[in-house]
Amino acid sequence: MISARMPTPTAALITPGLVGFVGNEIVACSRLKVGRQIGSDALVAAGLHARTDGFTSLAVLLGVSRPAPFRRPSAP
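Under UniProt numbering, the residue at position 57 of the sequence shown is numbered 57, and the numbers go up by one with no gaps.
Keep in mind that the hints were calculated from the coordinates and are not lab data. Glycine included, each C-beta is placed from N, C-alpha and C at the ideal position. Please note that a few of the clues may not be correct.
Said to hold, decoys possible - Taking CB as the label site, the calculated pair distances span: (1) ALA11 to ASP41: 39 to 45 Å; (2) GLN37 to ARG66: 36 to 42 Å; (3) ALA42 to VAL19: 22 to 28 Å; (4) LEU48 to THR15: 21 to 27 Å; (5) VAL22 to GLY63: 15 to 21 Å.
Construct the entire structure; sequences and hints are all you get.
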């Protein structure tokens with residue numbers, strides 16, 4: 001059964017954050033592997049960039065999932 005409730009902002013960011021991390025890591029591994037095989041510094045750099053984007057997704061997840069010490073409680 002489908003619930004008619006709206007997802008919380010935290011729940012609405014967790015799934016895309018995890019999908020973004022996994023997707024970026026898959027792309028990073030692929031680019032790094034092929035770049036090293038063919039000796040392409042540009043492709044290796046693109047792989048490292050994709051990996052950094054994945055870590056950024058994890059940082060967003062951490063920031064959303066943990067309450068900030070000075071954040072006001074949200075309105076009910």
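Now for the hints, and whether the structure bears them out:
1. ALA11 to ASP41: 39 to 45 Å: About 41 Å separates the Cβ atoms of ALA11 and ASP41, which means 39 to 45 Å holds.
2. GLN37 to ARG66: 36 to 42 Å: Roughly 40 Å apart at Cβ, these two residues keep to the hinted range, so it holds.
3. ALA42 to VAL19: 22 to 28 Å: holds, 27 Å
4. LEU48 to THR15: 21 to 27 Å: Given a distance of about 26 Å, which is inside 21 to 27 Å, the answer is holds.
5. VAL22 to GLY63: 15 to 21 Å: holds, 19 Å
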